[in-house]
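Let the hints inform the model, and build the full structure from the sequences given.
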Amino acid sequence: MAKLHVLNYASRSVKARQRLLGILEGSVPTLFWQMPVEPAFGRALDFTVGEGFAIWQRVSSRSGLELTVSGSKAAEAIASRDDLLIEEKAFLEGDAKKISEAFVSRLLSVPRAR
Amino acid sequence: MLRLRHLRLRAITSLNRFGVELPFLPGLNVVHAGNTSGKSTCLQAIVYALGLERSLGPQLQVPLPYAMRERIHRRRDDPYEPVLESYIELEIENLSGDVLTIRRDITGGKDTKLIQTWNSARLSRASSDMGRQRDFFVHDPGAAQREEGFHHYLAKFIGWDLPLVPRFDGGEVPLYLEAIFPMLFVEQKRGWATIQGPFPSFLRIQDVARRVLEFLLNLEAGRNRRERAEIRRLLTANQQKWSELRATLADQAGPLVRLRGLPASPTAEFAHAPDVEIELLEDDEWRPLEAGLHDLAMRLKDLEAREVPTAEEAAPEIEKRLEDAQEHLGAQTANLETLRTEYNAELQDHRAIESRLLGLEADLKRNQDALKLKELGSELGQIAGDGICPTCHQSVTSELLPVIAQKSMALDENITFIRSQIELYRLALHTSDERSKDIYSRYYATQQAVRELNLEIRGLRQSLVQPSLSSSRATVEAMVRLQAQLDHLQATQEKVDTLIDQMRAFAQEWADLRDRLRRLSTDDLTSADLSKISGFETSVQEHLGRYGFRSFRPDEIELSRDNFRPLRRTTEDGEMVEKEIIFEVSASDAIRLKWAYYLALIELSRRWDTNHCGLVVFDEPGQQEIEAPSLQAFIEWAARNISSRQVVLASSEELSNIKDAIAGTGANLITFEGFILQPL
Numbered sequence: 001m002a003k004l005h006v007l008n009y010a011s012r013s014v015k016a017r018q019r020l021l022g023i024l025e026g027s028v029p030t031l032f033w034q035m036p037v038e039p040a041f042g043r044a045l046d047f048t049v050g051e052g053f054a055i056w057q058r059v060s061s062r063s064g065l066e067l068t069v070s071g072s073k074a075a076e077a078i079a080s081r082d083d084l085l086i087e088e089k090a091f092l093e094g095d096a097k098k099i100s101e102a103f104v105s106r107l108l109s110v111p112r113a114r
Numbered sequence: 115m116l117r118l119r120h121l122r123l124r125a126i127t128s129l130n131r132f133g134v135e136l137p138f139l140p141g142l143n144v145v146h147a148g149n150t151s152g153k154s155t156c157l158q159a160i161v162y163a164l165g166l167e168r169s170l171g172p173q174l175q176v177p178l179p180y181a182m183r184e185r186i187h188r189r190r191d192d193p194y195e196p197v198l199e200s201y202i203e204l205e206i207e208n209l210s211g212d213v214l215t216i217r218r219d220i221t222g223g224k225d226t227k228l229i230q231t232w233n234s235a236r237l238s239r240a241s242s243d244m245g246r247q248r249d250f251f252v253h254d255p256g257a258a259q260r261e262e263g264f265h266h267y268l269a270k271f272i273g274w275d276l277p278l279v280p281r282f283d284g285g286e287v288p289l290y291l292e293a294i295f296p297m298l299f300v301e302q303k304r305g306w307a308t309i310q311g312p313f314p315s316f317l318r319i320q321d322v323a324r325r326v327l328e329f330l331l332n333l334e335a336g337r338n339r340r341e342r343a344e345i346r347r348l349l350t351a352n353q354q355k356w357s358e359l360r361a362t363l364a365d366q367a368g369p370l371v372r373l374r375g376l377p378a379s380p381t382a383e384f385a386h387a388p389d390v391e392i393e394l395l396e397d398d399e400w401r402p403l404e405a406g407l408h409d410l411a412m413r414l415k416d417l418e419a420r421e422v423p424t425a426e427e428a429a430p431e432i433e434k435r436l437e438d439a440q441e442h443l444g445a446q447t448a449n450l451e452t453l454r455t456e457y458n459a460e461l462q463d464h465r466a467i468e469s470r471l472l473g474l475e476a477d478l479k480r481n482q483d484a485l486k487l488k489e490l491g492s493e494l495g496q497i498a499g500d501g502i503c504p505t506c507h508q509s510v511t512s513e514l515l516p517v518i519a520q521k522s523m524a525l526d527e528n529i530t531f532i533r534s535q536i537e538l539y540r541l542a543l544h545t546s547d548e549r550s551k552d553i554y555s556r557y558y559a560t561q562q563a564v565r566e567l568n569l570e571i572r573g574l575r576q577s578l579v580q581p582s583l584s585s586s587r588a589t590v591e592a593m594v595r596l597q598a599q600l601d602h603l604q605a606t607q608e609k610v611d612t613l614i615d616q617m618r619a620f621a622q623e624w625a626d627l628r629d630r631l632r633r634l635s636t637d638d639l640t641s642a643d644l645s646k647i648s649g650f651e652t653s654v655q656e657h658l659g660r661y662g663f664r665s666f667r668p669d670e671i672e673l674s675r676d677n678f679r680p681l682r683r684t685t686e687d688g689e690m691v692e693k694e695i696i697f698e699v700s701a702s703d704a705i706r707l708k709w710a711y712y713l714a715l716i717e718l719s720r721r722w723d724t725n726h727c728g729l730v731v732f733d734e735p736g737q738q739e740i741e742a743p744s745l746q747a748f749i750e751w752a753a754r755n756i757s758s759r760q761v762v763l764a765s766s767e768e769l770s771n772i773k774d775a776i777a778g779t780g781a782n783l784i785t786f787e788g789f790i791l792q793p794l
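Protein chains in written order, with our numbering: chain H, 1 to 114; chain D, 115 to 794.
Note that these hints are calculated values from the structure, not bench results. Fair warning: there could be bad hints in the mix.
Straight-line Cα separation of at most 27 Å, DSSO-like style, residue types lysine-lysine; simulated pairs [claimed, not checked]:
#1 K3(H) <-> K479(D)
#2 K3(H) <-> K488(D)
#3 K98(H) <-> K3(H)
#4 K486(D) <-> K3(H)
#5 K15(H) <-> K3(H)
#6 K479(D) <-> K15(H)
Okay, the calculated beta carbon distance ranges per label pair [said to hold, decoys possible]:
#7 G284(D) <-> S63(H): 35 to 45 Å
#8 S105(H) <-> S469(D): 16 to 26 Å
#9 S63(H) <-> R454(D): 40 to 50 Å
#10 S63(H) <-> Q604(D): 53 to 63 Å
#11 P402(D) <-> E66(H): 50 to 60 Å
#12 R58(H) <-> S469(D): 27 to 37 Å
#13 Q320(D) <-> S63(H): 41 to 51 Å
#14 E66(H) <-> S469(D): 27 to 37 Å
#15 R58(H) <-> K486(D): 47 to 57 Å
#16 S105(H) <-> P402(D): 37 to 47 Å
#17 A642(D) <-> S63(H): 50 to 60 Å
#18 T612(D) <-> S105(H): 42 to 52 Å
#19 R346(D) <-> E25(H): 51 to 61 Å
These numbers were taken from a predicted model, which means no experiment stands behind them. Beta carbons: idealized from backbone N, C-alpha and C, even for Gly.
This is the structure we're talking about:
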């Protein structure tokens, strides 16, 4: 879920995306990442689950979402349209792939003392 | 205790001096006169003289009828005469027999906020000795707390140590006399509408009924609560002092000495055996200060033991040392630069963590709000769940509604996540603080070292150009420097030790306070309180029996253990419920209940240790066309049983009934024909 928050925030503004990429490349310290935890995004996730597009999963004490069949179909439907969420899709298909769970963990932890 | 001795009213016109004298005795005093003849004026004059008119309401107008303010006449048909001057005088007495005469002007005299007093019986005894005069103020801020405030003085005169009570705004105020007085004075117009009070609400005291009754009954629960509040106040002060000392300690120790194991708040363990390590930064290493001191002392001793060499003898060694020192200086200067960079980086991290924390805290609030709203929504938006379409209001069969098996949890997850992050970053912030301090210490130490090295180098250079047979300047200088360092550190240790001793005393005080707090029982009534309340309850029931209370059996009436209001317990659908009595009884029984409650309260002070001042005033107790025998029973009981205390009542009841009721009791009956205020 933390990763979803990171992706959500990064997909929202160019500045946030640049900063995230900087951290990925190592040119910006991880401490400079400010990630808001949006209640509205939380509600959106709840609605996603409510619609039956995803189900809550718990993987090694962290909670996450897994798309259901209808969820995957909905995602594919959005992906197949060229006139919809263009920038967001570009980010998710490009740089976002570099964001691993391990990277998110690093992002959220406190860097060791120099 | 408070006893009324004498009341004097005066209203002066250009032609006449109107007025009345009312001598009061211990026990029952009945002021008898016809309707609208001025009885209530007399009783309200007592309230006014005591500066307690705000117990009847927040207005600051004089609570007296026009006869005392504007115009007065002798008989109903006589023309009015304008009042030019008027005032009230009241003589009161306390338990120690001190007498106080009070004067308060109404019109034409001094400011109505001024109360003049004399410590003599000016009204009841015609004496030339006026006693000592002292003036006070009422109604302005501080009337209850400042020396010159009349209520502060009056409370002391009565022997009351007024407790501090919480207000709705969170502050604390003394339990004002205005709040207590409605339990001692039943005013004719509004006083009979409720069993307790009515208490003035403008004072904004929380749970005022409970606070007043707790005080009058002198309950341990109230005392315990006040004591707990006092202990909490002391604990806060102690904690504050501790923090101050801790800061002073860090300041006194300086950047080269640090203290480990000094808790942020006082602990009991610290009081017993403070486990504080004092460390000194030496050669980039923290080590016990004691060890550092020992080494310094040894080095000094070593130097002193040696014979001071001549400049010539020392020259080769000095050259060697000069070279070492210069090399060392280079290294330290470089080190200084590194540390400065490190410090700045740490500072940046610190700021980044702080700003992350701020963001997280804001997010936590927003998510918590969203969760609350969602819960509110699930309460408000149940219409679809009831099988009704929210848009067209047609009924919808439940098969058409989607079944949502999944619980929504994103907001809970957000909150848990944010909380764990906040915890993590708080810890990180603390660590970063520690690191900054450490870097600063190192920076400071390096700076010191650079200065020392510069001095040493200069000294060594001078030594090399010294006359060859004189004593080596470098050795002497080294000894002086070592001595200065040793002195400084020893002084630091002494200061630190003294402060730790002080902190230990505070920790001990803290532990004692915590212990006292733990020993004090909770807010609940203690067993002594409960037996006092049950004595009060029995007494109320007995009084109700006497006065012909009929709505219920008197023994069905109980007193709430919460606010001490009378109530009736009854079973409804197999469940015990408490019913507020005032809505359940007839109007005349509500009056009987009021008599019973007030007399039981004053009676209680005969057998128990209470704070009741032993005075109750009833203005026209014959309310609601109450039957004559009930009123007679009430008057008779008061006449026979209130001897060392005082009950004052004003009534326009049939005089023969009153005379019958008090026959042979020695009660004080003051009767008037026509208007009470007459030309003197």
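Exercise. Return the numbers of the hints above that this structure violates; sort them in rising order.
Key: Number 15 only.
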